[in-house]
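> Those protein sequence lines, which keep their order, are chains U and P. Numbering-wise (our numbering), the first sequence opens with residue 8 and increments by one. Numbering-wise (our numbering), the second sequence opens with residue 584 and increments by one.
Hint data in this document are derived by calculation from the structure and do not stem from the laboratory. One or more of the hints may lead you astray.
What the hints assert, rightly or not - Quick list of simulated restraints, FRET-style, between CB atoms:
| hint | chain 1 | residue 1 | chain 2 | residue 2 | range |
| --- | --- | --- | --- | --- | --- |
| 1 | U | D86 | P | D953 | 54 to 64 Å |
| 2 | P | R648 | U | R35 | 42 to 52 Å |
| 3 | P | A614 | U | E130 | 26 to 36 Å |
| 4 | U | D59 | P | E1273 | 55 to 65 Å |
| 5 | P | S1015 | U | P20 | 33 to 43 Å |
| 6 | U | T127 | P | P1217 | 24 to 34 Å |
| 7 | P | D803 | U | D86 | 37 to 47 Å |
| 8 | U | E87 | P | K665 | 48 to 58 Å |
Unchecked claim - A few chain P positions that, by computed beta-carbon distances, are all more than 10 Å from chain U:
| hint | residue |
| --- | --- |
| 9 | G605 |
| 10 | E699 |
| 11 | L763 |
| 12 | D773 |
| 13 | V842 |
| 14 | R845 |
Stated by the list, open to error - These stretches of chain U come out as covered by chain P in the derived footprint (C-beta under 8 Å, 3 or more residues):
| hint | stretch |
| --- | --- |
| 15 | 115–127 |
| 16 | 135–148 |
The beta-carbon is built from N, C-alpha and C at its ideal position, and this holds for glycine as well.
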Amino acid sequence: MIVRITVNGDDRPFDVSGPDSLLSVLRRDLGLPGTKDACEQGECGSCTVELDGALVCSCLVMAVDADGCEVTTVEGLGDEDGLHPVQEAMLETGAVQCGFCTPGFVVAGAHLLDRNPHPTPLEVKEALAGNVCRCTGYGAITRAFELLAEPHPGDAQTGEES
Amino acid sequence: MTSTVVPRVRGGIGTSVRRPDGEPKVSGNFAYASDLTAPDMLWGATRRSPYARARLVRIDVGPARAIDGVHAVLTQADVPGKPLFGQEEQDQPVLCDGEARFWGEPVAIVAADDEETARLAAEAIIVEWEELDPLVDPEQAVADGSVYREMRVRRGDESVSGNVVVEGYYETATQDQAPLGPEAGLAIPDDAGGMDLYVTSQWIHIDHKQIVDCMAMEPDQIRCHPVGIGGAFGAREDISVHIHVAMLAAVTGRPVKMVYDRSESFVGHVKRHPSKGWYRHEADAEGNLVKVTARLILDGGSYAHTSRAVLANGAYFTVGPYRCDNIVVDAAVTRTNNPPAGAMRGFGAVQTCFGYEMQMDRLAAALDMDPLELRRRNALAPGDPMATSGQIIEGSLPTVAVIDALEAIPLPPEDVDDDPLLRPGGTGLTTSKADVVRGVGFAVGLKNLAFSEAFDDYTEARVVMTSAGVEVHTAAIEVGQGLVTVCQQIARTILGTERVAVIWDDTSRIGSAGSTSASRQTQMTGGAVHAASEALRTKILQTHDGDELRADGVYRSGGLIATVDEICADGPVEEHVRFRHPPTTTADENGQGDVHAGFVVAAHRAVVDVDPELGLVRVVQVDTAQDVGKALNPQAITGQLEGGIMMGTGFAVMEQLVIRNGVIVNPTFTDYLVPTFMDAPDVETRIIEEGDHWGPFGAKGIGESPTISSTPAIVAAIRNATGKDLTKVPVLPEHIIGD
């Protein structure tokens, strides 16, 4: 059957013939390999995407169930003008080593900041506990979100900029 | 005349530069092996043995061949060349040769139009087995003489004894590297009967040799290319899909890709050797080590891989970073029907550090001595003979300095955090504040650098100056650790320009860089880049009679005399070197010799909170002081220290492949637990810079150290909290609760 999803703002119809996961379709049929496949059990978070605003492991979503939904992958963050702040912060603190977990952390981290612009360190840990990183020990990722959680000039509560 | 002030180049050594591959990685645009595709590509799949040991009675590939979309089904009879592969000894059949010797051994391979068809076809192959009794007990294997290697290390006088004696028996489980990137590869046939291979690896030249032999091709017919790697930690030092994709591509004449899923990955790469160790430490009344007696068994599983070298590390690192003049060590690595073991971060030094550091704590207790004071008193230093091999320590070895720096790090507040999420049991909300007991423990660990025992260890690099900037060519594998910036930083510092790009060459374009393992690439490939850059700088300065090289060209007495375009007027200028570390020797019949190229030392202190009633542990903080020689990229060093501690934390309290009668019963991320963000301890790091006697700018490799002594430090802390005699890792709740 033909399934229609909107991926990173683009209408992307595709033909699903079997029990494909959203992850398989993204990687194989839609040419978006940035979302990673590392366990296919929803344990590692490497395949994290936003589905209609909810954070999901795309390996656990049947592609047919995504019909009519909006999907945001790592490729959809940032724009021509530059990287998403999460991407920039992770580069700044050295939170990228092998990088295989990074797309999942970027999507989950952006999702967190959308809802909670100034998370505490414990809120960051909880929000990202579904994403496994085998290289960094999470320290540099913690520091990336410490940078991001700082109040920025222009934030309403700072009151310093007008 | 004014003196020449050399403008410091941006991005040189000692700075925390960004990775050039960072932006594609955060954007999802970095191509890992599992992301690669090619036109007309087929998918491969593997049929595996369901038994740890069984005779292959009959195999019928007909039903698989009959499936629409299947293009090839191959067995051992189809291997074109040498039927066996292996890094040190070629003892493993490319496909089952009549007897399966471990659970999950590849039996047949399939190429089909798509992944699902390939997997269905692999399952459609009819295989009849006669199950045989597997040999799974390492001690039985030693008794049977089923060993890859036995080692005997004797030094000093076996008859001496100390006033204070402690004995202990310790076990470590099978740990999996669990890199997030799966084993993956793509083989693309060329028009001349050869092919290009893009397979996850830590050492493409050693892969190349094995593939060429098994494919019966000429070396120049096969080109192994570096690819994007999602972590390694030792798991990629041995062959996985390489020969299988090559065979399928050769037969079908089409590109073939294979990717292991997670369960297949758990059986598809070698693991950390499980170990059993018996130790007897004897000291005089002042706490000076007098004699260490040790017996060590590592289980190498069903094929050799790097087991012999792992055993040498085990045997030589049974005492750790301590002086002792009387040594009796017997060690063996066994051949069984358990899953094959091989390289994993720490490579034999992890298992023994758990043993000798538990022993040092016991000795301190028996002497009623501060455990760090005991370690300082016996600390190994340059000029001392290594306890086991007798080799005189050259270069730097700041054992006391790492202990002192570690001790100076403030402890975290003693108050247990009020948030129940940060107590033992975490999100399970199992533990009330009143039940939490805190413990603190220490450990110090020693590791050798690069390859040992007279191995001809070398690495090649080619550094090229072009009008557009400098190129560093290497076949070294960047697995995520950050070699890419180290190469750039070294070349920038010597050649005076920020414009340095690292080009990852395939096996046809440059010689071997050796393995990305043994903490060796910073020193080895870094050393080659250093030597080539120095040679290039000297050549350019001599050619133009200059005294300084800067980003814009050659200077003499502060004036520009040749621009980069003029330097490259006749084309790029380059130097190509093959770099070797100081030679090592083989050992004599007593294990004595200058077997190691260098050493690195680190110390860890762990703080844990334990719920003794439920046996739950929260690792609160793990601090470290690390010998680095010279810090080339401080941020990358911190990343290695924190990441290595995390892997050591996993081994201390959760990571264990459960193997029953040769069968892995937990080959998934649901059942093999790796630490998450909520498990991560806080980490404070201190680095000690005392330059080594070789390597670029005195730098040492530090990839393995953080994983070695972090595990025993955590277990010591749990022991401190509970008073339990914990002698196995990982420490599980059942080891803590009860009597």
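> Now tell me if each hint is right for this structure.
Verification of the hints:
For the pair D86 of chain U and D953 of chain P, the beta carbons lie near 58 Å from each other, so the given range of 54 to 64 Å is met. In this structure the supplied range 42 to 52 Å is violated for R648 of chain P paired with R35 of chain U, their Cβ-Cβ distance being about 25 Å. Taking the beta carbon of each, A614 of chain P and E130 of chain U are about 34 Å apart, inside 26 to 36 Å as hinted. The given range of 55 to 65 Å is respected by D59 of chain U and E1273 of chain P, whose C-beta atoms sit roughly 57 Å from each other.
A beta carbon spacing of about 55 Å between S1015 of chain P and P20 of chain U contradicts the range 33 to 43 Å that was offered as a hint. Range check, T127 of chain U to P1217 of chain P: Cβ separation about 27 Å, and the 24 to 34 Å hint holds. Checked against the given bound of 37 to 47 Å, the beta carbons of D803 of chain P and D86 of chain U, roughly 46 Å apart, stay inside it. Taking the beta carbon of each, E87 of chain U and K665 of chain P are about 53 Å apart, inside 48 to 58 Å as hinted.
At roughly 5 Å, the least C-beta separation between G605 of chain P and chain U is not larger than 10 Å, which violates its mark as non-interface. Residue-level check failed: E699 of chain P sits 6 Å from the nearest beta carbon of chain U, not beyond 10 Å. Non-interface status of L763 of chain P relative to chain U is broken: a Cβ of that chain comes within 10 Å, the nearest being about 4 Å off. Every CB of chain U lies more than 10 Å from the CB of D773 of chain P, the least distance being 25 Å, so the non-interface label holds.
For V842 of chain P, the condition that its CB be more than 10 Å from all CB atoms of chain U is violated, with the nearest at approximately 8 Å. A Cβ of chain U approaches the Cβ of R845 of chain P within 10 Å, the least distance being about 5 Å, so the stated non-interface status is violated. For the stretch 115–127 of chain U, the proposed coverage by chain P is not satisfied: 0 residues have a C-beta within less than 8 Å of a C-beta in that chain, short of the threshold of three. Residues of the stretch 135–148 of chain U lying with their CB closer than 8 Å to a CB of chain P number 14, which satisfies the three-residue condition for coverage.
Hint check: violations occur at hints 2, 5, 9, 10, 11, 13, 14 and 15; the rest are consistent with the structure.
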